[in-house]
Amino acid sequence: MCTQPSLIINSSVEQNQHMFCEVIGRPCCIGLQGQCIITTLEHCDFMRGYFHEEASLCSQVDCMQDVCGMMDFLDPKSPDQVYRLFTSIFIHAGIIQLLISIFFQFFILRDLENLAGCLRIGIIYTGSGILGNLASAVFLPYQAEAGPAASHFGILACSFIELFQIWKLYENPFVPFFKLSMCILILFVIGLLPMIDNFANIFGFFSGLILAAIFFPNVTLNGRFRVKRILIISIAIFVLIVYFGALVTLFYLKPFKNCEWCKFISCPIKPLCIEMDFNVIRIDQ
Numbered sequence: 669m670c671t672q673p674s675l676i677i678n679s680s681v682e683q684n685q686h687m688f689c690e691v692i693g694r695p696c697c698i699g700l701q702g703q704c705i706i707t708t709l710e711h712c713d714f715m716r717g718y719f720h721e722e723a724s725l726c727s728q729v730d731c732m733q734d735v736c737g738m739m740d741f742l743d744p745k746s747p748d749q750v751y752r753l754f755t756s757i758f759i760h761a762g763i764i765q766l767l768i769s770i771f772f773q774f775f776i777l778r779d780l781e782n783l784a785g786c787l788r789i790g791i792i793y794t795g796s797g798i799l800g801n802l803a804s805a806v807f808l809p810y811q812a813e814a815g816p817a818a819s820h821f822g823i824l825a826c827s828f829i830e831l832f833q834i835w836k837l838y839e840n841p842f843v844p845f846f847k848l849s850m851c852i853l854i855l856f857v858i859g860l861l862p863m864i865d866n867f868a869n870i871f872g873f874f875s876g877l878i879l880a881a882i883f884f885p886n887v888t889l890n891g892r893f894r895v896k897r898i899l900i901i902s903i904a905i906f907v908l909i910v911y912f913g914a915l916v917t918l919f920y921l922k923p924f925k926n927c928e929w930c931k932f933i934s935c936p937i938k939p940l941c942i943e944m945d946f947n948v949i950r951i952d953q
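Residue numbering for the sequence shown follows the numbering used here, starting at 669 and increasing by one per position.
These aren't lab readings, by the way, just hints derived from the structure by calculation.
Every residue, glycine too, gets a C-beta built ideally from N, C-alpha and C.
A few of these clues could be false.
Unchecked claim - Simulated restraints, written as ranges between beta carbons of each label pair:
no., residue 1, residue 2, range
1, Phe774, Val843, 13 to 23 Å
2, Ala812, Asn840, 36 to 46 Å
3, Phe774, Gln728, 47 to 57 Å
4, Pro809, Leu725, 26 to 36 Å
5, Trp929, Leu709, 36 to 46 Å
6, Cys786, Leu725, 47 to 57 Å
7, Leu742, Phe832, 37 to 47 Å
8, Thr755, Leu725, 29 to 39 Å
9, Gln773, Pro841, 19 to 29 Å
10, Gln749, Ile791, 18 to 28 Å
11, Phe845, Ala812, 29 to 39 Å
12, Glu710, Phe845, 53 to 63 Å
Claimed, not checked - In the DSBU-like style, the derived pairs of lysine-lysine whose C-alpha atoms are separated by at most 30 Å in a straight line are:
no., residue 1, residue 2
13, Lys847, Lys931
14, Lys896, Lys836
15, Lys847, Lys836
Take these sequences, add in the hints, and give me the full structure.
Put into structure tokens, the structure is as follows:
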């Protein structure tokens with residue numbers, strides 16, 4: 669793909685114009701799947717792609733690196749951006765999810781921070797998000813997902829634990845129980861939309877229960893329950909280690925590559941969700 673030269677010097681050049689034209693077609697990486705096409709800079713910008721002026725062939729560029737962005741791969745043949753399990757917690761998939769996060773942090777997270785402290789809640793919030801995203805990568809390894817939804821479910825798990833600890837202090841404890849249950853139901857329905865994953869939500873809630881058992885203070889603790897509290901923390905730490913080890917093992921060795929039923933939990937709306945999948949062939953070495 670090139671432009672015709674504006675000035676013909678001699679007859680031999682005129683007969684071989686294709687040898688003297690200016691090349692304007694270069695590799696362009698477009699879409700979430702890292703598709704490479706040879707096109708012009710203008711068309712590549714229109715497609716919102718990554719134009720490579722330094723290359724001539726698609727084989728000379730790494731479109732997956734352009735799609736992923738951020739830090740370069742240590743090994744181009746083996747993507748290794750594990751830090752995205754953490755950074756994706758702070759990336760929102762649109763204005764709706766951002767507003768949900770603001771609402772959640774103002775009305776739910778703030779009260780828990782006042783009760784347990786920002787350090788404990790920060791650990792539970794971040795840990796639930798990382799473990800939930802890791803589970804999402806296991807069950808849906810080729811689907812894009814972002815946002816702090818797993819962290820939100822982890823904090824809701826803390827709210828349930830707090831409610832059960834002071835259940836007898838409420839005149840009607842079923843009212844806050846119903847409110848928390850409705851929050852989970854609404855967030856689970858929102859998890860059916862693209863870029864938001866219910867696997868991350870489910871495992872984020874489970875992670876929140878484990879982390880809350882370790883870090884969340886027991887407001888009813890006294891001398892009689894101290895041994896029981898130590899036993900609960902010990903069991904929770906053991907479960908957390910096994911749980912995290914199982915997810916890491918599945919992530920690296922055997923993710924759910926062809927899970928037919930996973931889409932019914934995460935994103936069952938075909939017209940909206942089909943474009944969120946990466947068309948990737950996994951090669952097991």
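Results of checking the hints against the structure:
Taking 13 to 23 Å as the suggested C-beta distance range, the pair Phe774 and Val843 conforms, at roughly 20 Å. Range check, Ala812 to Asn840: Cβ separation about 43 Å, and the 36 to 46 Å hint holds. Our hint of 47 to 57 Å for Phe774 and Gln728 holds, since their Cβ atoms are close to 50 Å apart. Separated by about 29 Å at the C-beta atoms, Pro809 and Leu725 satisfy the suggested range of 26 to 36 Å.
At roughly 44 Å, the beta-carbon separation of Trp929 and Leu709 lies within the given 36 to 46 Å, and the hint holds. In this structure the supplied range 47 to 57 Å holds for Cys786 paired with Leu725, their Cβ-Cβ distance being about 52 Å. Distance hint check for Leu742 and Phe832: the Cβ-Cβ separation is about 45 Å, which falls inside the suggested range of 37 to 47 Å. The hinted range of 29 to 39 Å is satisfied by Thr755 and Leu725, whose Cβ atoms lie roughly 32 Å apart.
Our hint of 19 to 29 Å for Gln773 and Pro841 holds, since their Cβ atoms are close to 24 Å apart. Between Gln749 and Ile791 the Cβ separation comes to about 23 Å, which falls inside the hinted range of 18 to 28 Å. The hint said 29 to 39 Å for the Cβ distance between Phe845 and Ala812, and at roughly 35 Å that hint holds. At about 58 Å, the beta-carbon gap between Glu710 and Phe845 stays in the expected band of 53 to 63 Å.
A hinted pair counts as satisfied when its Cα atoms are at most 30 Å apart, and Lys847 with Lys931 qualifies at roughly 28 Å. Our distance criterion of 30 Å between C-alpha atoms is met by Lys896 and Lys836, whose separation comes to about 20 Å. A hinted pair counts as satisfied when its Cα atoms are at most 30 Å apart, and Lys847 with Lys836 qualifies at roughly 17 Å.
Checked against the numbered hints given earlier, the structure satisfies every one of them.
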